[in-house]
Amino acid sequence: MMDPSPHSTPLLLTGRKVLIVDDDRLNIRILGGILKSDGYVVSDASSGERALEVYAEVRPDLVLLDVVMPGIDGLETCRRIKRAYGEKSAPVIFITAKSESDDVVEGLLAGGSDYLPKPFKPKEVLARIRTHLQNRAMAEQQALLVTQLSKANASKNRFLGMAAHDLRNPLASIRGLAEFLRDGVAGPMNADQLDLVETIHSASQAMLEMVNELLDVATIESGELKLHVEKQNLSDLVVKSVTLTNMEAVKKSTHVVFEASASPVIATIDKAKMKQVIDNLLSNAVKYSPPGSKVTIIVTEDPANNGCILAVRDQGPGIPDSERDKLFKDFGRLSVQPTGGEKSTGLGLAICRKIVEAHHGTIKAENLPALGCEFRVSLPYPR
Amino acid sequence: MKFTGPILVVDDEPHIRKYVSLILKQMGVTQIFEAGNGEEAVTVYQRDKPRLVLMDVNMPRIDGIQALRRLKEIDPECCVVMLTSLTNRDTVQQALDLGAENYIRKDTPKEEITQALSETFAECFGSEEPPTNP
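These protein sequence lines map, in sequence, to chains A and B. The first sequence begins at 1180 in the numbering used here and counts up by one. The second sequence begins at 271 in the numbering used here and counts up by one.
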């Protein structure tokens, strides 16, 4: 399992490996002595070529590198190390005879992290080395943490997916069997019994929707969202969603109006997934608008961006500025409440965003000047 | 079209069998057999010779795909429709490649299942019984 508090213990640097590269044996001896006194494990090389061999062998955590050496010089050695090991290569500190600024600049350009001027002052040597080793240790720890977190997140998604999947069938049965009871298949029911059965039906329906949303999130997050895009008449798709939403909206005396553009808008989309986005935006608009409102949906070409736009306008309270960031995030439920006691998982818009982004589009929400809010989906046409 | 059976419903979850059977009864199907796994499905198929098999995909031991393969070996003409809960395209395609007629999402509303079943009846048996118009 993961260490919950990675920074609670000070980073232990004893035992870290330092490679000293210098053609002057005396320098190696002096530096080696200083380093060993602080608990570092020291290896050395007397040339650039040899340094590369030793590096491959011991994989040091830090390299002290002389600039002027026969054969390949320090700068070239540094470049080769950086080229061979990339981001994972150990920090390189150049040893410069005089703190000549030219050497220093060239060393830093070659990928060095710092420089140590000769003659060595033990305290300075140790302080500089400690800083770089600490940075490296911290970076390693963070990389490890990121790996652990992504693994944990992936297994959470797998679990979420499995749980949601297994819950779905029984819920569908409960809902369906309640329908049979309600419809009198098992005999007539009195008003009280009917009320109870209706409650079972609507509760299982709500739960099924919730579970479906969880499953969507799990699928999307695990990178298994696959689009099957085809050319579709976006307006036709909207008409279907509007009809469906109006069946629910009528209960709140709200109605959804489709303002179609003069000519049909054809987009290359995954029909089922995009319908999910439209359904979600419409049902949200109804959910958060006061009873008796008008919800407008618009589909239009967007020649400026070589794409099309789908916009849903409601007459709700709008989105508080402070909560704008949460809107499209998982479980980002806002302080704004549905006006008819409807349920919300806070996942719908996160799913919408992920589907739209998978289509290389964008989704935004803006409060309208007078009242309500507009959700705008921009979809690019394929090149 | 009206189809009265016999139909075999295969699912390891009893509530699904009950639910699907109720839908079938409401559609006028009178002869319904049930099986709780792929093995049982093969046995019941050979014994009761159902005209149509509605079969779950995910079942323990012998899953729907394996059972489908066996049924097709026994009777290449047998009419099998898969019951799925997720449109896993790969699995669906595999079933269709093995000769399943179609697939039905069992987690959709009753009306949609009914609709899908009546389309299946029409596809599988539509040509057999000419409508008896008075």
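Please note that the accuracy of each hint is not assured.
[Claimed, not checked] Straight-line C-alpha distance at most 25 angstroms; calculated DMTMM-like pairs for lysine to aspartate or glutamate:
1. A/1405 to B/367
2. A/1454 to A/1427
3. A/1419 to A/1458
4. B/272 to A/1500
5. A/1454 to B/381
6. A/1410 to A/1481
7. A/1450 to B/382
8. B/288 to A/1388
9. A/1430 to B/381
10. B/288 to B/309
11. B/380 to A/1255
12. A/1419 to B/382
13. B/295 to A/1377
14. A/1410 to B/360
15. A/1419 to A/1374
16. A/1419 to A/1502
17. A/1267 to A/1203
18. A/1450 to B/371
19. A/1300 to A/1319
20. B/380 to A/1545
21. A/1505 to A/1480
22. A/1300 to A/1217
23. A/1267 to A/1285
24. B/288 to A/1377
25. A/1330 to A/1481
These are calculated hints, taken from the structure and not from any lab test.
- prompt: Which of the listed hints are broken here?
  reply: Hints 4, 11, 15, 16, 17, 19, 20, 21 and 25 are the ones this structure does not satisfy, whereas the remaining hints hold.
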